[in-house]
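*Asks:* Heads up: the protein sequence lines correspond to chains A and B, in order.
Residue numbers 0 to 242, in numbering that gives the first Met the number 0, belong to the letters of the first sequence in order.
Residue numbers 0 to 648, in numbering that gives the first Met the number 0, belong to the letters of the second sequence in order.
No lab work stands behind these hints, which were simulated from the structure alone.
Be aware that one or more of the hints could be misleading.
[Said to hold, decoys possible] Calculated pairs, DMTMM-like style, for lysine to aspartate or glutamate (alpha carbon to alpha carbon, straight line, at most 20 Å):
1) A:Lys-54 <-> B:Glu-307
2) B:Lys-35 <-> B:Asp-66
3) A:Lys-77 <-> B:Glu-335
4) B:Lys-186 <-> B:Asp-138
5) B:Lys-493 <-> B:Asp-546
6) B:Lys-246 <-> B:Glu-60
7) B:Lys-35 <-> B:Glu-133
8) A:Lys-54 <-> B:Glu-335
9) B:Lys-404 <-> B:Glu-335
10) B:Lys-35 <-> B:Asp-137
11) B:Lys-15 <-> A:Asp-27
[To be verified] Restraint ranges, calculated between C-beta atoms of paired labels, are given here:
12) A:Pro-203 <-> B:His-528: 31 to 39 Å
13) A:Cys-96 <-> B:Pro-243: 50 to 58 Å
14) B:Trp-525 <-> A:Gln-188: 55 to 63 Å
15) A:Thr-175 <-> B:Lys-246: 39 to 47 Å
C-beta: ideal position from N, C-alpha, C; glycine also.
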Amino acid sequence: MNPNQPPRTRIRLRYSKTGRIRFTSHRDVARIWERSLRRTGLPVAQTEGFSPRAKLHFGLALATGYESDAEYLDVDFKGADVAVDEVLKALVSVLPCGIAATGGTVLLPGEMSLQQAVTSCDWDIELIDVTADDVAGWVDRVRGATTIMITRERKGQQITDDLTPQIRALEVGEPTNRGVRLLATLGTQPRAARPSELLTAFEPRYYPVLVRRTRQWIEQDGARLDPLEVGAAPAQHTLVGVQ
Amino acid sequence: MSLWPELELMLPEVSKPARYIGGEGGMVEPEHHPSKVAWLLAYPDTYEIGLPNQGLQILYEILNERDDAVAERAYAPWVDMEAEMRAAGLPLFSVDTHRRAGDFDVLAFNLSAELVYTNLLNCIDLAGAPVRTEQRADDDLLIGAGGHCTYNPEPLADFVDFFVLGDGEEVVSEINAVLCDWKRSGKKGRQSVLRALAAVEGVYVPSLYDVVYEGPALVSVTPRFADVPAVVEKRTVADLAAWPYPKHQLVPLTEVVHDRLNVEVFRGCTRGCRFCQAGMITRPVRERPAEQVRTMVADGLARSGYDEVALTSLSTADFSGIQEVVAATMDCGAGEVSVSLPSLRVDAFTVGLAAQIQRARRTGLTFAPEAGSWRMRQVINKLIDERDLYGAVESAFSQGWRRMKLYFLTGLPTETDVDTLAIGELARNCVELGRSHTKNPSVTVSLGGFVPKPFTPFQWFGQNTVAELQRKIFLLRDDIKRNRGVQMKWHDPKASLVEGIASRGDRRIGRVIEDVWRQGGTFQEWSEHFDYDRWTQAMDRHGLSADWYVHRHRTEHEVLPWDHLSAGLHKDFLWQDWRDALNEVGLEDCRWTPCYDCGACTGYSIEHIVASAVPPAGGSQGTGQVPTDYQPPAAVSVQLSGVGSRTSS
Chain A
0 MNPNQPPRTR
10 IRLRYSKTGR
20 IRFTSHRDVA
30 RIWERSLRRT
40 GLPVAQTEGF
50 SPRAKLHFGL
60 ALATGYESDA
70 EYLDVDFKGA
80 DVAVDEVLKA
90 LVSVLPCGIA
100 ATGGTVLLPG
110 EMSLQQAVTS
120 CDWDIELIDV
130 TADDVAGWVD
140 RVRGATTIMI
150 TRERKGQQIT
160 DDLTPQIRAL
170 EVGEPTNRGV
180 RLLATLGTQP
190 RAARPSELLT
200 AFEPRYYPVL
210 VRRTRQWIEQ
220 DGARLDPLEV
230 GAAPAQHTLV
240 GVQ
Chain B
0 MSLWPELELM
10 LPEVSKPARY
20 IGGEGGMVEP
30 EHHPSKVAWL
40 LAYPDTYEIG
50 LPNQGLQILY
60 EILNERDDAV
70 AERAYAPWVD
80 MEAEMRAAGL
90 PLFSVDTHRR
100 AGDFDVLAFN
110 LSAELVYTNL
120 LNCIDLAGAP
130 VRTEQRADDD
140 LLIGAGGHCT
150 YNPEPLADFV
160 DFFVLGDGEE
170 VVSEINAVLC
180 DWKRSGKKGR
190 QSVLRALAAV
200 EGVYVPSLYD
210 VVYEGPALVS
220 VTPRFADVPA
230 VVEKRTVADL
240 AAWPYPKHQL
250 VPLTEVVHDR
260 LNVEVFRGCT
270 RGCRFCQAGM
280 ITRPVRERPA
290 EQVRTMVADG
300 LARSGYDEVA
310 LTSLSTADFS
320 GIQEVVAATM
330 DCGAGEVSVS
340 LPSLRVDAFT
350 VGLAAQIQRA
360 RRTGLTFAPE
370 AGSWRMRQVI
380 NKLIDERDLY
390 GAVESAFSQG
400 WRRMKLYFLT
410 GLPTETDVDT
420 LAIGELARNC
430 VELGRSHTKN
440 PSVTVSLGGF
450 VPKPFTPFQW
460 FGQNTVAELQ
470 RKIFLLRDDI
480 KRNRGVQMKW
490 HDPKASLVEG
500 IASRGDRRIG
510 RVIEDVWRQG
520 GTFQEWSEHF
530 DYDRWTQAMD
540 RHGLSADWYV
550 HRHRTEHEVL
560 PWDHLSAGLH
570 KDFLWQDWRD
580 ALNEVGLEDC
590 RWTPCYDCGA
600 CTGYSIEHIV
610 ASAVPPAGGS
620 QGTGQVPTDY
630 QPPAAVSVQL
640 SGVGSRTSS
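The following block holds chain A by itself, in its conformation from the complex (with noise of 0.2 Å):
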């Protein structure tokens, strides 16, 4: 680090996207971010340069539609002493119904960025219209699959992936008022896989009502850990729940 920079404030923060703003794109959200920052008045930095920007850095995109317990950013603050349940509390009236800031941290620097960092996601997948049995045998072949090969396009070249090594978990889990709910666990290096992926990969290809990520995991020395507990010091929880 070049003693002569300004002191900056990394804090990651958590936060969830659920109800009606799950239709917003990841780009939309960003967006709201940018906004909802700069009206709680707490000094972003800035990019340098002809356009400046505030220095956020978002984590794995979320598909528009899905909701989510477990989004993150990173965001560069000015100062060495940003704290984050100022940041937290400043939150709560500035962001729109649908998105929660849920908890934060203070990462150290030199810390890896969370698209680098995370490993896997857990998924909570509703599927309707499907009998528990039904799903259950397909979890069962999903498992059963020595491989489970998906083409995909990128940059105008076909290229075909297997999913297997991807699936870290899979189980039928307790049905909702309306469906059967099914949960998974992906994994996201070098690419995040997909669930709608994971359910169009096997006949019957599923499309499912509602899917939730619930958790994001970084693998380190072992353990499964919250992008959280990666911070300098314990995180900080707001007191708004999950809505």
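With chain A fixed as given, assemble chain B onto it according to the hints.
*Replies:* What follows is chain B alone, placed relative to chain A:
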């Protein structure tokens, strides 16, 4: 009550689902009640086009502040969403609480452009009401419309129960009072509520008028009852200071056009550009007090979190003391705030202003000389001296801009190929000026086909045919295609023809609009959905001629379809201005020169509200002053204080 549970299942299937979720900052979730009139305010285009509309947002706030009204909003669902809705039997809905349109009393549209007319029919149909007024029963939605297009509402007369002319701030409450009585009496008798609405000044109820034709000619439009006005006058808010709206501008969750804070600094314009309907129908000029502008900007930025504010009007550089307001605006936010000034005048003063506000984000610069030759600019009364334009361009390049966009119209009255080609000459000269400042100067010419509009001096002019507009476009394109640094874009002349049909059509055009809609012709303002053949075939099917409606010159004494409506302007003033245009005689801006009695002030006993008694510095445009001691500025210094004297009128 809410359709959300059903909509939620559809949204994963459609493009841009955030269009349908509402949830904007500033949104109201009003409590409906049998004693409150429920308004569904609709913009008949996509959410991202319609959400920023300031007129709709102003009425939304005013109505929701009342204790006898509630207002929610709806936008035209995109074609994929419409298909899902129709397949599931779901109607048009509000984005605020996702109520079905049928749960409201009034469906009121903002009409800003002619090409959305088929969307209006589609929205009425989706709302569950019969599209034609005469088929509606007592308990069907009342359909209303306001906005600039309602100055010739005749093409929509068969589909809309009532139109409102002019500023809506005051009249909306008067209309609400009528509807409140009607609702409390159990909505008995649609005719009686329409008669009561017709008695409100500024409200036009087309079904209460008889229309007589003789062959293709319109003979008369006359009221069927003695208490229905023979001429409906527009409404004008005398003092903008009394209406500091929107107070809580909606902040959308997803990206929309004009995604920034918008503060209207004045309404009306008396530059007198003869092609410009907005400048004619919104007179007189009413400035917002500078102090109120500053407050609205500061509050709006703090509330919204935006880092950009547009100071809106028809020509913002004309606002008295614009420099002080801009300077104050840039210093009012916590961080960097950028200011945008749409509709800029063409002169060096303006460039100085632009340099001041774009110190952070320097994008392109846009000017609208509108015509290539001085002769043509005299005809249209856009009196930009060539030296003003070159001065503006020179100072822009010298201050670091490399890209410039110039707006022009073609198909203007008396235009010859010399005038059209003069556009190319102008563009080339601008690029040449840029070469001494930058290696690759770029000038983009944006060319639109002129469509004559009601209540302008050009309302009598026969619009150029599609073939003639296309010929002129290609003539210019071929002339400039070898000039490095000059690019050209143009508007589809076929779309200009359809605009022309709707803009000066009479009631018979309604059948064409309905026909095109029934063939599936929605979103006609979107080039990928515009279908020219549908329009020409529908005109043929109904025995109507584009030559009659669009291309012929109208005569002094013929009855125009909007003669029973009034924007305040005297018809003989407009006719005289039309003759002056043909004689290439300009007309001064009456804000700073004596009144020539166009009718917009005198007829309504109102006057201009302008803080500065003298024209702004730095240009001849529309002020009648042609600079005699012109010298091209080497660089324009930005003055942060002291332009003009500040007196109140």
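*Asks:* Each hint: holds or not?
*Replies:* Here's how the hints hold up against the structure:
no.: 1; hint: A:Lys-54 <-> B:Glu-307; verdict: holds (18 Å)
no.: 2; hint: B:Lys-35 <-> B:Asp-66; verdict: holds (7 Å)
no.: 3; hint: A:Lys-77 <-> B:Glu-335; verdict: holds (15 Å)
no.: 4; hint: B:Lys-186 <-> B:Asp-138; verdict: holds (7 Å)
no.: 5; hint: B:Lys-493 <-> B:Asp-546; verdict: holds (14 Å)
no.: 6; hint: B:Lys-246 <-> B:Glu-60; verdict: holds (8 Å)
no.: 7; hint: B:Lys-35 <-> B:Glu-133; verdict: violated (26 Å)
no.: 8; hint: A:Lys-54 <-> B:Glu-335; verdict: holds (14 Å)
no.: 9; hint: B:Lys-404 <-> B:Glu-335; verdict: violated (26 Å)
no.: 10; hint: B:Lys-35 <-> B:Asp-137; verdict: holds (18 Å)
no.: 11; hint: B:Lys-15 <-> A:Asp-27; verdict: holds (11 Å)
no.: 12; hint: A:Pro-203 <-> B:His-528: 31 to 39 Å; verdict: holds (36 Å)
no.: 13; hint: A:Cys-96 <-> B:Pro-243: 50 to 58 Å; verdict: violated (26 Å)
no.: 14; hint: B:Trp-525 <-> A:Gln-188: 55 to 63 Å; verdict: violated (42 Å)
no.: 15; hint: A:Thr-175 <-> B:Lys-246: 39 to 47 Å; verdict: holds (42 Å)
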